[in-house]
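Undergrad: Residue-level listing of the chains:
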Amino acid sequence: MYQEIILDHYRRPHHKGLRDPYDVEVHHVNPTCGDEVTLRVRVADGVVEDVSYDGQGCSISQASTSVMTDLVIGKQVDEALRTSEAFLELMQSRGQLEPDEDVLEDGIAFAGVSRYPARVKCALLGWMAWKDATAQAVASSSGGAAT
Amino acid sequence: MYQEIILDHYRRPHHKGLRDPYDVEVHHVNPTCGDEVTLRVRVADGVVEDVSYDGQGCSISQASTSVMTDLVIGKQVDEALRTSEAFLELMQSRGQLEPDEDVLEDGIAFAGVSRYPARVKCALLGWMAWKDATAQAVASSSGGAAT
Amino acid sequence: MTAVLPRDTRGSVSTYDVEAVRADFPILSRQVGGRPLVYLDNASSSHKPRQVLDAERDFVEQHYSNVHRGVHTLSQEATDRYEAARSTVAAFLGARDAHELVFTKNATEAYNLVAYSFGNAAAGSRFAIGPGDEVCVTEMEHHSNLVPWQMLCERTGATLRWIPLTDDGRLDLTDLDALVNERTKVLAFVHVSNILGTKNPVDVLVARAREVGALTLLDGAQSAPHEVVDVQALGVDFFVLTGHKMLAPSGIGVLWGRKELLDAMPPFLGGGSMIEVVTMSGSTYAAAPERFEAGTPVISQAVALAAACDYLQAVGLDRIAAHEAQLTARVLDGIRGLDGVRVIGPDTIEMRGAAVSFAIDGVHPHDVGQSLDELGIAVRVGHHCAAPVCRRYGVPATTRASSYLYNSEAEIDALLDGVVTVQRFWGTA
Amino acid sequence: MTAVLPRDTRGSVSTYDVEAVRADFPILSRQVGGRPLVYLDNASSSHKPRQVLDAERDFVEQHYSNVHRGVHTLSQEATDRYEAARSTVAAFLGARDAHELVFTKNATEAYNLVAYSFGNAAAGSRFAIGPGDEVCVTEMEHHSNLVPWQMLCERTGATLRWIPLTDDGRLDLTDLDALVNERTKVLAFVHVSNILGTKNPVDVLVARAREVGALTLLDGAQSAPHEVVDVQALGVDFFVLTGHKMLAPSGIGVLWGRKELLDAMPPFLGGGSMIEVVTMSGSTYAAAPERFEAGTPVISQAVALAAACDYLQAVGLDRIAAHEAQLTARVLDGIRGLDGVRVIGPDTIEMRGAAVSFAIDGVHPHDVGQSLDELGIAVRVGHHCAAPVCRRYGVPATTRASSYLYNSEAEIDALLDGVVTVQRFWGTA
Ligand SMILES: Cc1ncc(COP(=O)(O)O)c(C=O)c1O
Ligand SMILES: Cc1ncc(COP(=O)(O)O)c(C=O)c1O
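So the protein sequences, as listed, match chains X, E, L and P. Every position in the first sequence, counted from 1, becomes a number in my numbering once 7 is added. Every position in the second sequence, counted from 1, becomes a number in my numbering once 7 is added. Every position in the third sequence, counted from 1, becomes a number in my numbering once 17 is added. Every position in the fourth sequence, counted from 1, becomes a number in my numbering once 17 is added.
FYI, nobody ran anything at the bench for these hints, they're computed from the structure. Keep in mind the model is a prediction, meaning the values are calculated, not measured. Glycine is no exception: its CB is placed at the ideal position from the N, C-alpha and C atoms. Just to be clear, a hint being listed does not mean it is correct.
Label-pair ranges, simulated between beta-carbon atoms [to be verified]:
(1) L:145 - P:293: 28 to 38 Å
(2) L:230 - P:97: 45 to 55 Å
(3) X:96 - P:143: 54 to 64 Å
(4) P:147 - E:27: 50 to 60 Å
(5) P:184 - E:99: 47 to 57 Å
(6) P:189 - X:107: 50 to 60 Å
(7) P:335 - X:103: 47 to 57 Å
(8) L:52 - E:12: 19 to 29 Å
One chain only, chain X, in its complex shape:
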């Protein structure tokens, strides 16, 4: 399960640390193991301009959040959401899905994690936080002025 890619992201996470400017900040917790992440999103012109985060947790949750930032920053919100759906699908596949490297890049390293239901929630923590924050950012920017 602990592929080199995962260990690399865990040891040297990408885009870590909370940054300004941002539109929305969220805090997500996995109650079963206490993993938590604080995550900020900045969306401009339909593009995920930046994602920054801080958190603590197991290698899977930390590495997965790092991989997520690589995959969504700079993408159109629509496309980033599709990527996040693809990752979610992979994680719910119980090891039965062949991941698409073109879409998920380093994310394919988590295919093995999907065989461990207890760890799937870890792998999804950062992704869920991002989805939540992005939805809020999109809603508020369409509804009025963003911070």
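Please arrange chains E, L and P with the ligands on chain X, whose structure you already have, making use of the hints.
TA: Below, chains E, L and P with the ligands alone, put in the same frame as chain X:
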């Protein structure tokens, strides 16, 4: 289980029918099978003068009540209570007790019933009604005038 | 699943191979009092085939662990099998989503779970109930689908109403519109009666409940073991079954409920696994079904129940139902031919299950049951946890014969012969 | 009982024959990822010996039927065995009377049963509870003995209080007299903590509860499997255990309560078998324990639990306790010798059970658990259904190793070696 003695008492019950005079009348029901008995007791000078009853139910409950009347009518209350204790003990013995014919007379025919927990309650219905009524009769006669 | 499926008994109904089915059930080769066991007490509980016992044992000997909370291999394997069991049973019931299925310890816990949800609900919730509100049941309910509602009404001040019975053992729907009305919060009723054998018209009752916005709970304890059940098609909101009546071990039941309802219901039992965040001063709760499975669940029993569903489907529920209908007709025809014996409940096979209650004039049911037992024939006598039905038909108790997939025509004949023997012994024929 | 008792392993503690015990547990010969399974997750659930599985299977294949309500032979046999199981477990706990024993589906149901009794009690009853009344627990309770009381307090307006913890994982009894006071209706606390391993001073807590007239409930889920328990000597009012942690299957727990209290408690689950007279407009209830066993009970699981009690007594609970103390000392000593690893909870074997929680600096418990699993070692990681304890000690979760009668010293050494391997893999040693 259906010994001749039991069948005889069931077909030709002794002392059946409600009679006057009496001190106390009780009505007992076995909720699991709907068996019921209405029973009257007359106690005078510490002696069980009469027990009369009416009721409906299975062969075991009807025969056992009939046997009970034979065993208690005419006895000192104390002695009758001891007989009833002996019968109770027999019924709770799960077939492990050798009954004393001198004490229980026809009651020994119920030894086999004690192996059938579902039927023990049937066999005890009349006895419990008698005990209840007698206790009330004794209490009220020592406390004041009996009806 | 490593369970061996039953011998192939597919084919036309006329070739239903009851001997092949019987061979799967070890207890059926038992003797009782020196005679072969004739087990006709299936409405009370069924026996279990080797395939179910082996599936449970294989699980316990190879993959057992507590579920849900562990990362180690056994815990993953156990969790996978437990959740796979949930999916199997969900599919068996035609549920849309395995998350709509809660494992309980028996059917009784399931009714209580729903009843306590009403009692525990916050004011304003769809489940809140109080004075002026009503709960409707029927006069033929099993105590387990009656007493929890009585207790709920007592605790909350709501009013219990019930649909009465006709003389021939059916629901009397004359006053349905008055009994199920705008004040009715829930209509809880039995699919197939365990004492009368009556099968109720679910569509009529559900239609009326929907008109007034009442929730419906269907007691499927006596239907799910015997026929294809599709909870979506039935249109009810909750459906309950119990494992031990359908080839699974004691200790497991199922509550199926529409996801949106389960999600809206407050928790019932508090404890491990049903929580989200716990602090000393307060807790939040997990989503359904976990919210309703507090503590260590009935793990190996769920695996066994799934194996039982597999077994029933391999034999074929339609074929089982057809076989039982034949047996039931034989019982009803046989009784019709006996003087001094009468059926309590519908006496034709239209809209009825396999449980047949009867009375023998002049012989108390206890004596009937005991005398049949001396012939090796196991029937149930008593009020069958439906005392109001006995009262309704003026009997202290009934004798009930109920067949299942492994019973044979020869066994029905043994029963009918047995009834005549009983009449002779007690001098009533 | 036809169960074969375990090989004779009596004799002095030093000759405790762990290999003979292991041979009774089929799953212990399993491989995990190509390595022999080292199962140290016993505080979560235990495995089951052949003797228990055989006793249950023999019962189901030869004597199974529903209980209590039937007169036929199988029903009598099943009832006899079910009630004999009650007597066996009662004797195992030193109960005065088998009627003081209620079978539940797990420990969790038992706490809820008692908590709902308070909630359901009529005003004026000993169990009635409301605003101004208090319930006291401890900060080390398992969620199952915490959440039901939180829910009770929420429903009734009573106040929940709790005894806090010291830095070394014990109850801080400084303010005991204030926390347990004249307003306290019930003091519910754990005998041996499943996360810290702490064994609590029952005598001190019971003495205080008696002074103020509070009832006591002792959570014995982690004590009954491991040591001789005598409910009379402990002096508590209620005692709870769960079968799956003591060699029995999932799906069964036990509530022991003093007869006069059980008799005074209102019913919890309504349904079949717990009633006396049922009419549509109201019902009366049976005496304890039937009053609390609504519906078809956990029949074959009770038979299996009795077989588990027999097995434990044949090996000898004192000898099991001594064996476990040796293993626990080996874990504690081993951890003391490792840099960057610390025990959370008492770190000596005085007044403690076999569950040892620990933290490895720099490695998240999830990663510890998964890495150990790759070595075939099954430990539990998480909050162990005691989230407030994790919060108290500032950890997100712990890694917990818990041994039982079938664990060997070699397995403890494998664990300790495994911890070093984990540290190397994660670059923290
Ligand atoms: C101390 C303690 N109490 C209660 C429980 C609950 O037991 P169950 O999950 O079997 O209801 C457990 C185990 O999970 C426990 O360790
Ligand atoms: C119609 C019906 N409902 C409910 C039940 C209750 O099932 P259980 O006792 O398994 O909870 C039964 C069986 O006893 C039944 O026949």
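Undergrad: It remains to establish, for every hint, whether it holds in the given structure.
TA: Now for the hints, and whether the structure bears them out:
no.	hint	verdict
1	L:145 - P:293: 28 to 38 Å	holds, 31 Å
2	L:230 - P:97: 45 to 55 Å	holds, 49 Å
3	X:96 - P:143: 54 to 64 Å	holds, 56 Å
4	P:147 - E:27: 50 to 60 Å	holds, 53 Å
5	P:184 - E:99: 47 to 57 Å	holds, 56 Å
6	P:189 - X:107: 50 to 60 Å	holds, 56 Å
7	P:335 - X:103: 47 to 57 Å	holds, 50 Å
8	L:52 - E:12: 19 to 29 Å	holds, 25 Å
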